[in-house]
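Could you put together the complete structure from these sequences and hints?
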Amino acid sequence: MFDSLSERLEGVFKKLKGRGYLKEEDVDVALREIRLALLEADVNFKVVKDFVNRVKEKAIGRDVLKSLTPGQQVVKIVHEELIELLGSQNEKIRLSPNPPTVVMMIGLHGSGKTTTSAKLARMFKKQGRRPLLVAADLQRPAAIEQLITLGKQIDVPVYAQKDEKDPVKVATEAVSEARRGAGDIVIIDTAGRLHIDEELMTELRRVKEAVKPHEVLFVADAMTGQDAVNIAKSFNEEIGIDGVILTKMDGDARGGAALSIRHVTGRPIKFMGVGEKIDMLEPFHPDRVASRILGMGDVLSFIEKAQEAVDLKEAEALQEKLLKESFTLDDLKEQLKKIRSMGPIENLLSMIPGMGKQLKNVRIDEKEFVRVEAIINSMTPQERRHPKIINGSRKKRIARGSGTSVSDVNRLLKQYKEMKRMMKMFKGKKGKFKLPRFMPF
Amino acid sequence: MGLFDRLKRGLTKTRSNFVGRIEQVFKGKKIDDNTIDEFEEILITSDIGIEATMQIIDDLRAGVSSGKIKDYEGVKGFLKEEMLKILGLPQPFVLYQERPFVVLAVGVNGVGKTTTIGKLASRLINEGHSVIMAAADTFRAAAIEQLDIWAERSGAQIVKHQSGSDPAAVAYDAVEAAKARGIDCVIVDTAGRLHTKYSLMEELKKIKRVLNKAMPGAPHETLLVVDATTGQNALRQAKMFNDSIGITGIALTKLDGTAKGGIVLAIKKELNIPVRLIGVGEGIEDLRDFIPEEFVEALIGNESD
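Keeping their order, the protein sequence lines are chains A and B. No gaps in the numbering here: position 323 of the first sequence is 323 in our numbering, and each next residue is one more. Count along the second sequence starting at 1, add 1000, and that's the number in our numbering.
Worth flagging that the hints you see were computed from the coordinates, not collected in a lab.
Okay, the calculated beta carbon distance ranges per label pair:
#: 1; chain 1: A; residue 1: Arg385; chain 2: B; residue 2: Gly1246; range: 44 to 52 Å
#: 2; chain 1: A; residue 1: Thr202; chain 2: B; residue 2: Gly1128; range: 34 to 42 Å
#: 3; chain 1: A; residue 1: Ala374; chain 2: B; residue 2: Ile1284; range: 41 to 49 Å
#: 4; chain 1: A; residue 1: Asp28; chain 2: B; residue 2: Lys1206; range: 47 to 55 Å
#: 5; chain 1: A; residue 1: Ser96; chain 2: B; residue 2: Gly1128; range: 55 to 63 Å
#: 6; chain 1: A; residue 1: Thr172; chain 2: B; residue 2: Leu1089; range: 50 to 58 Å
#: 7; chain 1: A; residue 1: Gln153; chain 2: B; residue 2: Asp1037; range: 48 to 56 Å
#: 8; chain 1: A; residue 1: Lys388; chain 2: B; residue 2: Lys1239; range: 47 to 55 Å
#: 9; chain 1: B; residue 1: Gly1155; chain 2: A; residue 2: Thr202; range: 26 to 34 Å
#: 10; chain 1: A; residue 1: Ile278; chain 2: B; residue 2: Leu1084; range: 44 to 52 Å
#: 11; chain 1: B; residue 1: Asp1166; chain 2: A; residue 2: Glu57; range: 54 to 62 Å
#: 12; chain 1: B; residue 1: Gly1164; chain 2: A; residue 2: Lys388; range: 35 to 43 Å
#: 13; chain 1: B; residue 1: Asp1058; chain 2: A; residue 2: Gln153; range: 52 to 60 Å
#: 14; chain 1: A; residue 1: Gln415; chain 2: B; residue 2: His1161; range: 34 to 42 Å
Capping the alpha-carbon separation at 35 Å, the derived lysine-lysine pairs in DSBU-like fashion look like this:
#: 15; chain 1: A; residue 1: Lys338; chain 2: B; residue 2: Lys1205
#: 16; chain 1: B; residue 1: Lys1206; chain 2: A; residue 2: Lys338
#: 17; chain 1: B; residue 1: Lys1197; chain 2: A; residue 2: Lys414
#: 18; chain 1: A; residue 1: Lys49; chain 2: B; residue 2: Lys1197
#: 19; chain 1: A; residue 1: Lys337; chain 2: B; residue 2: Lys1205
#: 20; chain 1: B; residue 1: Lys1030; chain 2: B; residue 2: Lys1068
#: 21; chain 1: B; residue 1: Lys1213; chain 2: A; residue 2: Lys277
So, partial list: chain B residues that the calculated Cβ filter (under 10 Å) puts toward chain A:
#: 22; residue: Glu1041
#: 23; residue: Ser1046
#: 24; residue: Val1108
#: 25; residue: Gly1118
#: 26; residue: Gln1146
#: 27; residue: Gly1192
#: 28; residue: Arg1193
#: 29; residue: Leu1194
#: 30; residue: Glu1202
#: 31; residue: Asp1227
#: 32; residue: Ala1228
#: 33; residue: Lys1254
#: 34; residue: Gly1257
#: 35; residue: Ala1259
Glycine included, every Cβ here is placed at the ideal spot set by N, Cα and C.
What follows is the structure in structure tokens.
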């Protein structure tokens, strides 16, 4: 996500590293590059100015020039400062001791309020709470229907009044409904509006005064440019915000808006949206994002995902199978399913350190997984256990059954053979056994 | 209210901000390195992009040292000229002779595709054309309902399938329906998608292929809808969408906020894609042709205005 920025900084520090010693003008060159990179990343220019000054001060204070590894010193300082600026730890949504907790979502139109509301509701539901979604966006055509549809998908009730024109009334009544037992967390989806639209900002203030939310969450698009500062400032000053959710982080926007918004409001970024699907909401980890900015990858997120998807016992059973060389095509299918359940492959790979650059031109076709699964599904149990028996006519049948071609079937069988061969190699080195990565591309 | 007034009203915030700051920087000051640095910052905060900024600054320096630019008025004139040089001549949205004239609207999530389509349809209908909308955003919840409401408001016909069905099939049916009913224009609404999602971009290619099958030469206009609030990523969007399906024009939305939409300069400069339409308000009539002269004039303005 922040790949391009990482590359820039990597380039800067490569130059510094190559030298071995550092002159004062080198620091200026590095700072200039950092400044340009941050500006290109859409960090607001005032924020960039502050940031670069802070880095410069620290760099001078720490005698970077006398250090043996000045490049790394500067990286460290930039990294620390980024974390500092983004907020030092992940902050959750504060729940009220007396339910219902009322959460109000605000932001520009198109920032992703409705989708994010549903994502939040799903998250709370997963935690065993009883969220109630409130359709208080009475401006955009079909916004109510959208929330109702999303509510059905995640099995969360939606409070809506089709012909009501006053969002204050809808919100107030929804909260009383929750008090009567309809839910313990009320999530109010409001209409998107420009921060300079006085009328609509007043309406938002009225909703806030009426329902007294415990959290006002500002939903912001990660792709926002220099104006992020003005927008966030207006919403914070006019309405008051408690936290920020950054959406569309799965694109390739460098996300400088995150830094700008945080800097100008001082409010923590609590979550980020990383995909269109309803489960794609992640806590915002400033340290991880700072690492990403510096091209250090996001290993922690990757490991967390893997742990979610893979059950330890299953992993042990698999290892056993591998050792006994009884790894069948059925097992392969299971493995692929696990990998896919971790989310879009492109997202996963971007978390691996150093992958950003290499992946630039690599396209991973998710359909390849579907194809492999279809091929395996078209095999008989016998064939899955003993692929050796698959001859020409069986291949034809499998290809027909899976809607693929014989060469697709051949490719899969070849990959499977390759894996088995690799496993033998691993088995040879006893005691150092490690699971090879199964990625059929 | 004249067209120019309406545009200026939409850009008032932008304009006063921009002009005010330029005046602040240059009025009564000699033009030196410091003032040029400040000028650079002003350009950057307009989302024009580093590269375009650098070019303008270099030219500005050259103009100052050669004595061509001496004062504030000179800087303003220079800025206007530079921006116009990049933006080129007006290339507004026009229905050419093909019938039906097929418009494909694409863009990332939340830029205002459906709203823009609604406004465009009502404009075409006011001009006496007949319009069919194709509800090919079959992914987002209630997207079809949203377009349905716009169809009703504008008086356009609509072709829709179930939510979750194949968007290319909807597009195909819309063109077929337009041919059968003798409709002038088909506007295809597509699901918002991030340009980094390979499979979704492949889906767009398919929609385009299918449109071309239904009617050779279609789509006749492929509009990328861009949110003026977006920063440098808009250039990436334009590049990637252009690589996938070939973009013929930009519709720049949400220009009535404080964002300056300067990124269109970078898009025009690097990819030579013209801006055709701008959205300057939420009203159905607030979709205008993009006319570089007016845009720049309204942005920089004259004090007497």
